[in-house]
Every structure is written in C-alpha cells, then in structure tokens.
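S.K.: Sequence:
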Amino acid sequence: MLTAKLGIDYEEGWTSNLSGLDVYAEWPASTFYQGKYLGVIFISTPKFERVLDEIRSHGHVDSVEVVSKTTHNGRTTATLVEREQKIKETPMGSLLAEGFLPLRPTRLENGLQKYDLIFEDHSDIADAVDLLSEYGSVTTEAISPDFQHTTTPSTVEWHEFLTTITPAQLEIFRTAFERGYFEIPRQITLEEIGEEIGVTKATASYQLNKVLNAFTEFIITYLSQVDQDARSSR
Numbered sequence: 001m002l003t004a005k006l007g008i009d010y011e012e013g014w015t016s017n018l019s020g021l022d023v024y025a026e027w028p029a030s031t032f033y034q035g036k037y038l039g040v041i042f043i044s045t046p047k048f049e050r051v052l053d054e055i056r057s058h059g060h061v062d063s064v065e066v067v068s069k070t071t072h073n074g075r076t077t078a079t080l081v082e083r084e085q086k087i088k089e090t091p092m093g094s095l096l097a098e099g100f101l102p103l104r105p106t107r108l109e110n111g112l113q114k115y116d117l118i119f120e121d122h123s124d125i126a127d128a129v130d131l132l133s134e135y136g137s138v139t140t141e142a143i144s145p146d147f148q149h150t151t152t153p154s155t156v157e158w159h160e161f162l163t164t165i166t167p168a169q170l171e172i173f174r175t176a177f178e179r180g181y182f183e184i185p186r187q188i189t190l191e192e193i194g195e196e197i198g199v200t201k202a203t204a205s206y207q208l209n210k211v212l213n214a215f216t217e218f219i220i221t222y223l224s225q226v227d228q229d230a231r232s233s234r
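Note that the sequence shown ends on residue 234 in this note's numbering; no numbers are left out.
Treat the hints as calculated values from the structure; they're not laboratory data.
Where is the CB? At the ideal position from N, CA and C, for every residue including glycine.
Be aware that a few hints might be false.
[What the hints assert, rightly or not] With beta-carbon atoms standing in for the labels, derived distance ranges:
{"#": "1", "residue 1": "N73", "residue 2": "N209", "range": "16 to 24 Å"}
{"#": "2", "residue 1": "S205", "residue 2": "D62", "range": "45 to 53 Å"}
{"#": "3", "residue 1": "Y222", "residue 2": "L103", "range": "13 to 21 Å"}
{"#": "4", "residue 1": "L21", "residue 2": "K201", "range": "41 to 49 Å"}
{"#": "5", "residue 1": "V81", "residue 2": "D127", "range": "30 to 38 Å"}
{"#": "6", "residue 1": "P145", "residue 2": "K201", "range": "36 to 44 Å"}
{"#": "7", "residue 1": "Q187", "residue 2": "T71", "range": "31 to 39 Å"}
Just need the whole structure built from these sequences, with the hints factored in.
M.R.: Here you go:
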C-alpha cells in the first residue's frame with residue numbers, strides 16, 4: 001500500500017482564485033447529483049469577506065450560506081454551505097467513482113486543492129494524476145511506501161480552538177511562558193505577572209487557569225482520538 005499527496009490547480013472552480021489570500025479550507029462532506037453540487041466547507045482566512053465575495057461571484061455558484069463564523073486576532077474561521085450548478089463531477093467525485101480511496105477530506109492550501117489518497121502501487125498513482133489532469137495542472141507532493149494514518153488537529157480545528165482564548169488571556173499566558181512561570185523552580189510569581197500586565201494577582205490567576213483548562217480540554221480530546229485510532233488499528 002502507498003499513500004500520496006496530490007495537488008491540483010482546479011481551473012473551473014473558484015479555488016484557484018484564492019491563491020495568495022492566505023486561505024485554508026476543508027470539505028468534510030459534499031455530494032453531486034444531476035448537475036447539482038452541495039458541499040460543506042470549513043474555512044480559515046484573515047480576508048474572509050473578500051474570500052466570500054470571490055466564491056459567490058463565481059459563475060457556477062448558486063448560493064453560499066455562512067452557517068457559523070468566529071474571528072480571533074484578525075483571522076476568521078467559518079463553516080459554509082455551498083450550492084453550485086456543475087456540468088461534470090468534482091475532482092474528488094471522479095476519484096471516488098474510479099475507485100480511488102481518500103485518506104482524509106479534500107483541503108485547500110494556497111489556491112490548490114490537496115488530496116491524500118491510498119494506492120495499491122505506483123501505476124495507480126499515475127492513473128489518478130491522469131484523471132485529475134482533466135481538471136487542471138497536477139503536482140505530486142509526496143509519496144510514502146508505508147500506509148500510516150496519523151491523527152492530527154486540522155488547521156481549522158486549531159483556529160476554532162484559538163477563538164476560545166481572548167487577547168487578554170493570551171497576553172497573560174505568553175508573559176507567564178516567556179518569564180519562566182512554568183519552569184522548575186518558577187522564575188516569576190502570579191503577583192509579578194499581574195503587576196507587569198496591570199491586573200491583580202487574582203485576575204492573572206483566573207485568566208491563566210482559563211487558558212490552561214482550554215488547552216487541557218483540547219489536548220485530551222485529541223489524545224483520546226489518537227488512542228481510539230490506535231486501538232482500532234490493532
């Protein structure tokens with residue numbers, strides 16, 4: 001078994017128009033039936049309104065609904081539902097129809113759609129490249145001789161997590177880290193952190209604990225998924 005990462009500049013879609021706009025996206029679910037496409041998109045970008053305009057202005061797009069949206073430190077993470085009229089199947093749909101097996105959802109990075117796929121041998125990779133070439137220029141970014149699935153938080157999940165931390169909490173956490181609060185022995189006290197930032201010791205303690213609790217909840221959720229994947233692969 002082989003795994004390969006393929007990228008495509010999808011010429012007929014709107015994704016190629018987002019190159020240079022610092023956009024990351026994932027498609028966790030989509031369907032195509034009788035010329036109608038419906039897709040759910042997780043998207044993260046500091047230029048959300050411009051990106052949304054680019055998507056909505058594309059000729060094939062019927063509508064884009066913003067289901068949820070959060071902004072943190074100038075970067076917006078959103079869930080979109082997109083409807084399109086299409087003449088032919090999407091690249092991923094064509095891959096599935098030809099029996100290719102995706103390892104994870106389609107991603108968008110730097111205007112390129114990225115696919116992680118599982119193959120029997122190198123000839124299958126060549127066939128997938130030929131198929132995708134019907135949609136645009138294709139790059140083979142990586143080929144691994146070993147099949148190994150690694151559970152990692154996606155960029156969208158990281159940004160959703162970061163939206164739970166306020167700028168004030170981040171400042172306290174950064175100060176605590178940079179000044180050695182987490183070292184053994186500690187190089188700074190909570191009272192000194194509060195004085196440096198301009199808040200009381202109680203406030204510094206409360207906000208720092210909020211950040212640590214958020215980190216712990218996120219990491220425990222992630223580690224639980226890693227453990228679950230490890231058990232299922234045995």
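S.K.: For every hint, state whether the structure bears it out.
M.R.: Right, here's what the structure says about each hint:
At about 21 Å, the CB distance of N73 to N209 agrees with the hint of 16 to 24 Å. At about 52 Å, the CB distance of S205 to D62 agrees with the hint of 45 to 53 Å. A C-beta distance of roughly 18 Å is found between Y222 and L103, which places it inside the suggested range of 13 to 21 Å. At about 43 Å, the CB distance of L21 to K201 agrees with the hint of 41 to 49 Å.
Separated by about 32 Å at the C-beta atoms, V81 and D127 satisfy the suggested range of 30 to 38 Å. At about 56 Å, the beta-carbon gap between P145 and K201 misses the expected band of 36 to 44 Å. Distance hint for Q187 and T71: a CB-CB separation of about 34 Å, consistent with the stated range 31 to 39 Å.
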